[in-house]
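Go ahead and model the full structure; you've got the sequences and the hints to work with.
These protein sequence lines map, in sequence, to chains A and B.
Quick note: the first sequence uses the working numbering, first residue 1, plus one each step.
Quick note: the second sequence uses the working numbering, first residue 1, plus one each step.
Because the hints were derived from the structure by calculation, they are not lab data.
All residues carry an ideal CB built from backbone N, CA and C; glycine is no exception.
Among the hints, erroneous ones may be present.
Derived DEER-like restraints, expressed as beta-carbon distance ranges [what the hints assert, rightly or not]:
#1 A:R225 x B:H23: 55 to 61 Å
#2 B:M120 x A:D187: 46 to 52 Å
#3 A:G269 x B:G94: 55 to 61 Å
#4 A:Q41 x B:L14: 57 to 63 Å
Chain B is nowhere near these chain A residues, computed Cβ spacing over 12 Å in every case [stated by the list, open to error]:
#5 G15
#6 L71
#7 R151
#8 A262
#9 R272
#10 T308
#11 L318
#12 G350
#13 Q354
#14 S359
#15 G383
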Amino acid sequence: MEKVFIAGVGQVAVGEHWEKTLSHLSTQAIRAVLRDAGSPQPEIVYIGNFLAASISHQANLGALVCAEAGLRGVEGTTVEAGEASGAAALHMGYLAIGSGMADCVVVVGVEKMTDMIGNQVDAFAVQSGDTDFEGMQGLTYNGIAGLLMQRYLDQYQTPRESFASFPITAHRNGVNNPFALYRKALDLESYQKAPMVSVPLSLYDVPSYADGAAALVLVSRKMLRDEQKAVLVSASEVATDTLALHDRADALAFEAVRISTANALEKAGLTRDCLDLFECWDAPSIYGMLSLEAGGFVERGQGWHCATLENLALNGRLPIATLGGIKAHGFAPGAAGVYQVVDAVQQLRGEAGQNQIASAQVAMTQALSGAAASVVTHILRKG
Amino acid sequence: METPRHWRLQKQRLALVGEVCPHCHAKIFPARDVCPECGEEAKTAFKFSGKGEVYSFTTLHSVPAGFEENAPYTVALVKLEEGPIITAQLTDVGDREVKIGTPVEMVTRRIRQDGDERGMLIYGYKFRPVLSH
Numbered sequence: 001m002e003k004v005f006i007a008g009v010g011q012v013a014v015g016e017h018w019e020k021t022l023s024h025l026s027t028q029a030i031r032a033v034l035r036d037a038g039s040p041q042p043e044i045v046y047i048g049n050f051l052a053a054s055i056s057h058q059a060n061l062g063a064l065v066c067a068e069a070g071l072r073g074v075e076g077t078t079v080e081a082g083e084a085s086g087a088a089a090l091h092m093g094y095l096a097i098g099s100g101m102a103d104c105v106v107v108v109g110v111e112k113m114t115d116m117i118g119n120q121v122d123a124f125a126v127q128s129g130d131t132d133f134e135g136m137q138g139l140t141y142n143g144i145a146g147l148l149m150q151r152y153l154d155q156y157q158t159p160r161e162s163f164a165s166f167p168i169t170a171h172r173n174g175v176n177n178p179f180a181l182y183r184k185a186l187d188l189e190s191y192q193k194a195p196m197v198s199v200p201l202s203l204y205d206v207p208s209y210a211d212g213a214a215a216l217v218l219v220s221r222k223m224l225r226d227e228q229k230a231v232l233v234s235a236s237e238v239a240t241d242t243l244a245l246h247d248r249a250d251a252l253a254f255e256a257v258r259i260s261t262a263n264a265l266e267k268a269g270l271t272r273d274c275l276d277l278f279e280c281w282d283a284p285s286i287y288g289m290l291s292l293e294a295g296g297f298v299e300r301g302q303g304w305h306c307a308t309l310e311n312l313a314l315n316g317r318l319p320i321a322t323l324g325g326i327k328a329h330g331f332a333p334g335a336a337g338v339y340q341v342v343d344a345v346q347q348l349r350g351e352a353g354q355n356q357i358a359s360a361q362v363a364m365t366q367a368l369s370g371a372a373a374s375v376v377t378h379i380l381r382k383g
Numbered sequence: 001m002e003t004p005r006h007w008r009l010q011k012q013r014l015a016l017v018g019e020v021c022p023h024c025h026a027k028i029f030p031a032r033d034v035c036p037e038c039g040e041e042a043k044t045a046f047k048f049s050g051k052g053e054v055y056s057f058t059t060l061h062s063v064p065a066g067f068e069e070n071a072p073y074t075v076a077l078v079k080l081e082e083g084p085i086i087t088a089q090l091t092d093v094g095d096r097e098v099k100i101g102t103p104v105e106m107v108t109r110r111i112r113q114d115g116d117e118r119g120m121l122i123y124g125y126k127f128r129p130v131l132s133h
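Rendered as structure tokens:
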């Protein structure tokens, strides 16, 4: 298999871009990534998107995104895996370069949430779960996470505050990221006082929907122009679980996280100790906790002892959400998995500014769809 | 209007009909083509008792379109006495405290309206706490 390199990253700031369309957002990200990669000619564009057909009533994004970005004629298709769509699009790009079929691929994750306002958005977003048997009972994306958090609190007799490390870490790191929606630190008192969204999940446990687009250029070795900037994709692994949470005998197990993480580490020939940072799915906060446990970073039921501010910090044992994560970045679902990779690449290139992790060599990113029904894990190494 | 979809699901929603696997005898809800326990073909209908207990629960203050009239409401994972877990709203809770392990039973209630005020009313299962007397 050919080696796959990330030769460029591009992004637009996550936010409420009322005046911009979906294609405008993706075009901005694609132009930025092509500039960063030295203006290569892409052969394929993979578009990670979850909700355009529902919220914007727009399908067939391959044609729309390519033509609008000035790439008319180029192969382009949408990759959909719920909230993990962007990461799944990267997986498709990885397969295209790795197989030798293409030498230059653009991956763009894009989501336009604000074409619709009100709670119809929640009715569409819960489509990453089981529509007939979860959505029809009045659940939401965050409601499903609430079921898991209540079970966790009861099973392990943990205080709710043990989840605060995830949003506090993300917000602290988002302060220095000009592309993040929230650039304000969060303290424990604010966390404790926040209004409930889906008990026991509060406003600071859950991600905030917003518009966004982020992009990557993938190339084969022969197309690599700047070795200094290059980041190697050491592993790209997708795993699935049951779509509905209720079909799992052990709801807190997050089996797809376990499988995807183990396969990625094996393919990359690395152990967990080798990772300098982990862009995990930090919001809803319970998903961050369960990802650390199912991924084997901590024992089952022990995450709340180990996921401390100290351990998750930029100079801690396992830094997470190093430029704001899902929580402080703002949540553009189909783009989120690509933003995670953009952040990790910035760390590996030494371009993370005040949030730079000293001598970062290896990073893992992991995108979750629904209650970890589809999980996409990538391991990246300094080229 | 999504009449075909709701018509297709009426046995599950109104009578809690799932399946029993003819090969490994696992009880399955909702019905599907392949038994999740043994991987063989599943096809034999089985009516569940509607008795179970709360496995987890969450009270939603922010609810999706179509569900506003009952907000805030509680959705639970209910572990049926025959084994499977299903997702359902709790109803008739009153001032009783819901906990993991609370015994519950199925009742039929209005779930939501399909579309606008002229849309179809959709009925289905919810669960209520079992009265102790």
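Indices of hints not satisfied (ascending): 7
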